[in-house]
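Peer 1: Work out the full structure: start from the sequences and follow the hints.
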Amino acid sequence: MSAGVRKLGWSLLAWALVLLVATPLLWMLSTSFKPENEVFAVPVTLLPEEWTVEYYVLLLTETSFPRYFANSAIVATLTTLVVIALGTLGAYSLVRFRYRGREAIASAVLLSYLLPSVVLIVPLYLMMVKLGLANSLASLVIAYTSFALPYALWLLRSFMAAVPEDLESAAMIDGATRMGAFLDVTLPQALPGIISTALFTFILAWNEYLLALVLVNADEVRPLTTGVMTMLVSGFNIEWSLLMAASVMMSVPLIVILAFLQSYLVRGFGAGAMKG
Amino acid sequence: MSAIDLVGVRKQFGETQVVRGVDLAVPSGAFLSLLGPSGCGKTTLLRMLAGLETPSEGEIRIDGAVVNAVPPGARDIAMVFQSYALYPQMTVAQNIAYPLRKRGVPKGERAGRVAAVAEMLQLGPLLERKPRQLSGGQQQRVALGRALVREPRIFLLDEPLSNLDATLRSHMRAELIELHRRIGRTMVYVTHDQLEAMTMSTHIAVIDGGVVQQFGTPQQVYRRPVNRMVAGFIGTPAMAFVEGRVGEGGALTLAGTRVATVDAAPGATPVIGIRAEDVRLAEIGVPARVGLVEPIGHETLVRLHCDAGIVTARLPGDTAVQPGEQVHFTADAGRLHLFDPIGGERLTDPYQGNERDHG
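The listed protein sequences derive, respectively, from chains A and B. If you count by the working numbering, then the first sequence holds residues 53 to 328, one letter each, in order. If you count by the working numbering, then the second sequence holds residues 5 to 363, one letter each, in order.
Simulated from the structure, these hints should not be mistaken for lab results. This one's a predicted model, so the numbers in the text were calculated from it and none came from an experiment. We treat Cβ as the ideally placed atom computed from N, Cα and C, and that holds for glycine. Hints should not be assumed to be uniformly reliable.
Said to hold, decoys possible - With beta-carbon atoms standing in for the labels, derived distance ranges:
(1) S210/A / G68/B: 41 to 49 angstroms
(2) H302/B / R148/A: 48 to 56 angstroms
(3) A55/A / E123/B: 26 to 34 angstroms
(4) V181/A / V70/B: 23 to 31 angstroms
(5) V11/B / A160/A: 37 to 45 angstroms
(6) P175/A / G213/B: 54 to 62 angstroms
Peer 2: See below:
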């Protein structure tokens with residue numbers, strides 16, 4: 053009896069937490085389908101009384117939203133590719149090769165991650181101007197890479213370290229080059245780690261606001277975060293339904309990617325545990 | 005012609021000297037065991053043979069050609085790792101085929117050779133499994149298969165049996181001996197288990213402190229160890245070392261009892277090494293008190309405490325002695341090993357003359 057009560061208590065607590073986290077998201081979803089006159093209507097309606105997709109249509113046809121969306125997709129994808137390419141090779145080097153200053157490099161990487169991004173914004177901006185990259189997607193890719201790479205290196209380093217060196221030695225004796233051994237043996241083993249690192253990087257690049265605000269102020273190169281804000285929060289009039297529709301569409305790619313890769317992640321992590 | 009020559013090979017990692025000048029000539033077709041305690045440098049030596057480490061100094065030759073700068077894949081060697089190092093994401097068949105794939109063997113031929121190896125090692129039913137679905141012994145056989153499939157000149161084995169249970173280990177030991185007999189290739193086997201080295205090898209190199217202490221056949225190493233380290237490392241139970249004393253006329257005494265006549269100056273105090281199987285109980289001999297008695301069945305190990313130290317005796321299984329009993333023991337003068345009390349090197353040859361030539 054008391055065990056049942058305790059179980060019930062935990063369930064209620066868990067559901068309360070879930071509700072706390074999910075309510076704003078559900079509210080956002082609901083609001084995005086409400087016509088304008090219903091958004092602030094009292095009594096409040098949980099679900100729209102009258103469903104409408106007019107804001108989605110408006111967003112896609114009448115605003116720069118598609119442009120921002122494309123910019124964000126390009127920047128996040130490129131950043132992820134660059135970070136993973138540099139991160140896997142860099143982490144591999146930190147794990148496998150003995151050279152002078154290896155530990156110093158590893159520590160320096162961590163230290164740079166600990167710096168608050170705010171202190172780097174102005175120097176980064178000045179650098180981009182000097183490089184002639186201000187107001188370009190490239191400046192965002194470079195800036196996001198510099199922020200994501202240290203963390204990615206540390207994540208990947210531990211995943212690489214978990215791959216037994218014997219496997220690579222065996223592959224090299226079996227006739228593979230070092231690069232071949234890396235691709236044939238190490239990479240497949242480190243794949244779950246690489247995927248979670250990629251996921252982390254993509255989310256970071258997709259959601260980043262502060263750097264985008266400073267580095268980019270032309271409409272053609274704005275990503276979603278700053279773009280949607282400037283588009284809809286200008287002046288005194290906030291178009292809530294439109295904003296909510298934009299928010300929903302901003303969230304969709306992340307949700308899709310997460311759903312797809314999560315199953316992959318679970319498969320990857322569970323692989324070693326199966327015994328047939 | 006020797007299959008492998010090591011000439012003045014040294015290896016250091018930073019300040020640490022791991023291998024300090026190894027010279028070895030391994031005859032073609034030999035089964036050489038590199039035998040030594042852990043940390044003696046034997047695995048580093050093997051990894052240098054494989055090309056996974058580069059010697060800091062010296063030359064490694066395979067079939068006469070210097071291979072110091074030849075990458076592992078081009079040395080025509082195969083290696084079995086202590087951890088087996090099977091590629092986890094590949095099936096057994098893919099694992100065995102990998103060395104062939106990397107060498108551009110056509111697909112059709114690959115399948116045939118994998119099948120042949122699988123047949124030889126009884127891996128047929130397991131070919132489509134992943135390594136994690138295999139038992140330790142099966143993984144071991146897959147690792148062997150991956151080494152065999154290429155028919156390399158030299159096989160390197162790094163403690164391949166140490167992760168198996170005792171029964172499987174003795175079974176695999178027999179299989180490896182049989183395998184070596186059948187394919188006749190040169191094998192270099194790293195182990196810290198002197199029993200493995202004694203039973204499987206045609207040659208043993210006892211290694212300690214990064215140098216080869218002794219190189220020879222198992223019999224030579226067992227019967228004529230060149231120093232105390234080798235003598236103590238080879239044989240179970242370990243050889244007993246007691247203090248001897250040389251008197252007038254070269255009379256060697258052990259705890260006051262004369263045991264042999266040696267060619268040494270009076271007053272010398274050599275260390276006498278005695279193997280357990282050379283000790284007998286007798287009416288007259290070195291007086292001793294019986295300590296620990298370990299009956300094994302077919303034989304009984306008895307520790308004998310005499311004034312010069314403790315000697316272990318391997319006695320028949322029906323020997324009836326009780327701890328605390330006073331007995332006398334003796335050993336053939338020709339079977340005693342004498343070592344320098346300071347440096348530990350061998351002083352005399354217990355088999356005077358007739359065996360000397362083999363050492």
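Peer 1: All hints are to be evaluated individually against the structure, with a verdict given for each.
Peer 2: Results of checking the hints against the structure:
1. A C-beta distance of roughly 45 angstroms is found between S210/A and G68/B, which places it inside the suggested range of 41 to 49 angstroms.
2. The supplied range of 48 to 56 angstroms is met by H302/B and R148/A, whose beta-carbon atoms lie about 52 angstroms from each other.
3. At roughly 58 angstroms, the beta-carbon separation of A55/A and E123/B lies outside the given 26 to 34 angstroms, and the hint is violated.
4. As the Cβ distance of V181/A to V70/B is approximately 57 angstroms, the hint placing it in 23 to 31 angstroms is violated.
5. As the Cβ distance of V11/B to A160/A is approximately 43 angstroms, the hint placing it in 37 to 45 angstroms holds.
6. Distance hint check: the CB atoms of P175/A and G213/B are about 55 angstroms apart, consistent with the given range 54 to 62 angstroms.
Of the hints listed earlier, those the structure fails to meet are numbers 3, 4, in rising order.
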